[in-house]
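Chains as they are written, first to last, in our numbering: chain A, 28 to 675; chain B, 47 to 168.
Don't take every hint at face value.
[Claimed, not checked] The calculated lysine-lysine pairs, modelled on BS3-like cross-linking and capped at a C-alpha distance of 30 Å, are: (1) A:K251 <-> B:K163; (2) B:K117 <-> A:K55; (3) A:K251 <-> B:K65; (4) B:K162 <-> A:K262; (5) B:K150 <-> A:K251; (6) A:K258 <-> B:K153; (7) B:K93 <-> B:K163; (8) A:K425 <-> A:K401; (9) B:K93 <-> A:K262.
[To be verified] Just some of the chain A residues that point at chain B, by a computed CB distance under 7 Å: (10) D190; (11) S191; (12) S193; (13) L197; (14) I198; (15) S254; (16) G314.
Just so you know, the hints here were simulated from the structure itself, not pulled from any lab data. In this text, all values refer to a predicted model and were calculated from it rather than measured experimentally. Where is the CB? At the ideal position from N, CA and C, for every residue including glycine.
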Amino acid sequence: MIDLSKYKALFLSETQEHLQSMNDCLLKMEKGEQDDETISAIFRNAHSIKGMAASMGYEPIRDLAHSMEDLLDQVRQKQRTLDKETTDILFQAADRIEEMLKQIEKDRDIESGWQEIQKKILELIKKKPIEKSPEPAEPKAPLPISAHPKGIEIQVLISPEADSPSVRALILFKRIQELGKIFSASPSLEEIKSGKIQATSQGYPLSILIQTERSEDEIREVLKGVSELTKFEVKETSESAAVASVIKAPETKQEPRESEPASMGSPVGQTVRIRTQILDDLINTLGELILIKGELDELSRRSPVPGLRQSLDKIERLSREFHDQVMSARLVPIEIAVQRLPRLVRDLAKEYGKEIELEIKGKEIELDRTLIEKLMDPLVHIIRNAVYHGIESPEERKARGKNVAGKIRIIASRERDIVDLTISDDGRGIDPQKVKKKALEMGLISPAQAEEMTMEQCLNLVFISGLSTADKVGMVSGRGVGMEVVKNMVEGVGGTVILNSEPGRGTTISLQLPRTVAITKVLLIKLAEEIFAFPLSRILRTIEILPYQLRKSQNQEYYLEKQELIPLVYFHKLLDLKVPEEHIFPLNALVVEGRKKKMALVVDALVGQEDAFIRPLGKPLERIPGLSGVTMLGDGRIVFVLELVGLF
Amino acid sequence: MPIRVLIADDALFMRNMIKEVFASQEFHVIGEAANGVEAIEKYKQLKPDITTMDIVMPLKSGIEAVREIVKIDPNARIVMCSALGQESLVMEAIEAGAKDYIVKPFKPEKVLEVVKKVIAAK
Numbered sequence: 028m029i030d031l032s033k034y035k036a037l038f039l040s041e042t043q044e045h046l047q048s049m050n051d052c053l054l055k056m057e058k059g060e061q062d063d064e065t066i067s068a069i070f071r072n073a074h075s076i077k078g079m080a081a082s083m084g085y086e087p088i089r090d091l092a093h094s095m096e097d098l099l100d101q102v103r104q105k106q107r108t109l110d111k112e113t114t115d116i117l118f119q120a121a122d123r124i125e126e127m128l129k130q131i132e133k134d135r136d137i138e139s140g141w142q143e144i145q146k147k148i149l150e151l152i153k154k155k156p157i158e159k160s161p162e163p164a165e166p167k168a169p170l171p172i173s174a175h176p177k178g179i180e181i182q183v184l185i186s187p188e189a190d191s192p193s194v195r196a197l198i199l200f201k202r203i204q205e206l207g208k209i210f211s212a213s214p215s216l217e218e219i220k221s222g223k224i225q226a227t228s229q230g231y232p233l234s235i236l237i238q239t240e241r242s243e244d245e246i247r248e249v250l251k252g253v254s255e256l257t258k259f260e261v262k263e264t265s266e267s268a269a270v271a272s273v274i275k276a277p278e279t280k281q282e283p284r285e286s287e288p289a290s291m292g293s294p295v296g297q298t299v300r301i302r303t304q305i306l307d308d309l310i311n312t313l314g315e316l317i318l319i320k321g322e323l324d325e326l327s328r329r330s331p332v333p334g335l336r337q338s339l340d341k342i343e344r345l346s347r348e349f350h351d352q353v354m355s356a357r358l359v360p361i362e363i364a365v366q367r368l369p370r371l372v373r374d375l376a377k378e379y380g381k382e383i384e385l386e387i388k389g390k391e392i393e394l395d396r397t398l399i400e401k402l403m404d405p406l407v408h409i410i411r412n413a414v415y416h417g418i419e420s421p422e423e424r425k426a427r428g429k430n431v432a433g434k435i436r437i438i439a440s441r442e443r444d445i446v447d448l449t450i451s452d453d454g455r456g457i458d459p460q461k462v463k464k465k466a467l468e469m470g471l472i473s474p475a476q477a478e479e480m481t482m483e484q485c486l487n488l489v490f491i492s493g494l495s496t497a498d499k500v501g502m503v504s505g506r507g508v509g510m511e512v513v514k515n516m517v518e519g520v521g522g523t524v525i526l527n528s529e530p531g532r533g534t535t536i537s538l539q540l541p542r543t544v545a546i547t548k549v550l551l552i553k554l555a556e557e558i559f560a561f562p563l564s565r566i567l568r569t570i571e572i573l574p575y576q577l578r579k580s581q582n583q584e585y586y587l588e589k590q591e592l593i594p595l596v597y598f599h600k601l602l603d604l605k606v607p608e609e610h611i612f613p614l615n616a617l618v619v620e621g622r623k624k625k626m627a628l629v630v631d632a633l634v635g636q637e638d639a640f641i642r643p644l645g646k647p648l649e650r651i652p653g654l655s656g657v658t659m660l661g662d663g664r665i666v667f668v669l670e671l672v673g674l675f
Numbered sequence: 047m048p049i050r051v052l053i054a055d056d057a058l059f060m061r062n063m064i065k066e067v068f069a070s071q072e073f074h075v076i077g078e079a080a081n082g083v084e085a086i087e088k089y090k091q092l093k094p095d096i097t098t099m100d101i102v103m104p105l106k107s108g109i110e111a112v113r114e115i116v117k118i119d120p121n122a123r124i125v126m127c128s129a130l131g132q133e134s135l136v137m138e139a140i141e142a143g144a145k146d147y148i149v150k151p152f153k154p155e156k157v158l159e160v161v162k163k164v165i166a167a168k
């Protein structure tokens, strides 16, 4: 008996991937991109899920996927158009499978309820709309509809001497496309277009499965007319065999042809899946290593040993490299966090009768995987807000002279170690007065406070728990807990949230996140005889201020720098520490930027730099504003790591 | 009847080289164009059996010229003349409707093989 449990994680992750791909394809098709390749892709997804679930013994998933496959087969055979009804039920089924995966993951029994979806699919299959799908007019003479097109497998070897094998493959692809419908191709059209075509010592193999009315000889004739081919084979496959090879096609490219030795550059083996825990462990071990190196630094300072310094420097350099390498292994593209959003936007827009275009840019920007995980829920929340509160109904938009379809943009970009994820919509925006009124009504602020608040401060009230400007509490948002969660998550990892909104024009939320976490460069500073660590990434620069650089206005002192006035604040004050009675020049200060405002934070002294492995604070310390963690210095002293968040 | 050829390339040197390749009883070079706009004009005017098209040309690129020519004549037989490293441009041209490609520096036999096969294809 095979122990299936060890395959569970793999089953879950692979099935998840297939579901994601299925979702993407369905969305694409819903937008009208109903090409054969996409249909085949969804069909393959359903088929793979069915096969995997069957081998794992998850019968409900197997059966549901099987019914999806049957339905999709009708679409593929042009016996059914992918209309709204069909798409919706496929979406439902995919969602249900996803739920079942979650139940499996938690070792729970699979809940019933999936049978109803299966039943609906089977009924739909039986209904079988006979109407032919509105196919683009074929240039060839019309064929009798009753004729069963054959499946033909074409195997081609492009000459190793071909000038541009991928261009040749594309030409071939286009020629074959003129002959019939392409079921599958290995390499796929996308791979060909991106130049990913694998060579063997005999040339570049390409295999294409088509459904065609043409005879094998006719196809051979066409292939003869293509340059740079060393050989080709054309053979008919039965309908079922055709389907089977659709499934198998992607594997064929990985099999060395005939007796040939497997090539060294084979795509297999270039990536491995590893448990993410291993990466976390690596980082932890490295963190300990760096701490020990710090101890050695300290020892060598006290009793210098010839040559020790150089060795320590080497360790320093290597551990930095090691750190970067492990960190980059932990980086994953933002795509993982945003890939579900098109579907979410579609569903929400439908639910609320809104028309929305979603644009996502910078998917390839990478972030530490723990951040990506943490980002998922906040992102969903922001998007829900944008759909529910932000984007107006089509009628309202029309009346306001806006595009009927609202637009939500998600743009990721990176500057040094900070990744900026900006989510904007062109909806009605947030009215600061309305927010203020609501906060007053709810007693979150006093009338006196309200009086003094700037527009920006009013706007930022939305981050306070319990505040919601939704006129009625909707299912998806307007419960007033969301924005606080977003803010806490982002700030919890050392990032910032910047909210901008213009009534009538839309809302923009920027999440500025550190690209990686764990080991952080910190500046050690002295405040009231205590040493603290402050993340270097938060510091624009350190300055020494002399009396002539100070200006005073309305009780606030400013540091004057190139005509810019930067408010001067004693860091002590933010932390409730004893503030020096008078300035002792030169004043040491850190120029920082929080909430888009610069500030010069005065400290008693700058002590030095350190690579800190920041450990989170346990309860109840984690609730203290201004403290984000602790770190151990080389000499064993433990210092608090400061964070601006929550201080002003 | 000889195969009627139109050569589009901004370099006179290249045009002459290609002309030499086609210097036989079988072919007849009926026109030359030095830029994309001229290529389209000459195509309309001459209706050649085959056109060799450089990719990078002034006024209009070879790819744009292919797009416009195919609009006028969906059966146009155009062979792209490319240099190594222009794969993605050639692919774009193929997507636009070009039938095949040849790579500089040209080997006469190869150019003829490609061109003849393109002509033979229905």
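Does K251 of chain A lie within 30 Å of K150 of chain B when you go C-alpha to C-alpha? This hinted pair holds, its Cα atoms lying about 24 Å apart.
For the restraint on D190 of chain A, tell me whether the closest CB of chain B is nearer than 7 Å. D190 of chain A check passes; min Cβ-Cβ to chain B is 4 Å, inside 7 Å.
Please check whether S191 of chain A passes as an interface residue: C-beta within 7 Å of a C-beta belonging to chain B. At about 5 Å, which falls below the 7 Å cut-off, the nearest Cβ of chain B leaves the hint on S191 of chain A intact, so it holds.
Are the Cα positions of K425 of chain A and K401 of chain A separated by 30 Å at most? violated (37 Å)
Proposed proximity, K65 of chain B with K251 of chain A (alpha carbon, max 30 Å): holds (26 Å)
For K93 of chain B and K163 of chain B, compute the direct alpha-carbon distance and say whether it is at most 30 Å. This hinted pair holds, its Cα atoms lying about 19 Å apart.
Is the interface hint for G314 of chain A satisfied, with its Cβ closer than 7 Å to some Cβ of chain B? Constraint on G314 of chain A not satisfied, violated at 44 Å.
Is the interface hint satisfied for S193 of chain A? The criterion is a beta-carbon contact with chain B at less than 7 Å. holds (6 Å)
Quickly compare the C-alpha distance for K162 of chain B and K262 of chain A to 30 Å and report which way the hint goes. Roughly 27 Å separates the two Cα atoms, so the pair holds.
Can the restraint linking K93 of chain B and K262 of chain A be considered satisfied, given a maximum Cα separation of 30 Å? Violated - the C-alpha atoms of K262 of chain A and K93 of chain B are around 38 Å apart, more than 30 Å.
Check the hint pairing K251 of chain A with K163 of chain B against an upper bound of 30 Å on the C-alpha distance. Since the Cα atoms of K251 of chain A and K163 of chain B sit roughly 8 Å apart, the hinted pair holds (cutoff 30 Å).
Are the Cα atoms of K117 of chain B and K55 of chain A separated by 30 Å or less? Judged against 30 Å, a Cα distance of about 28 Å means the pair holds.
Hint compliance for this structure: hints 8, 9, 16 are broken, all remaining hints hold.
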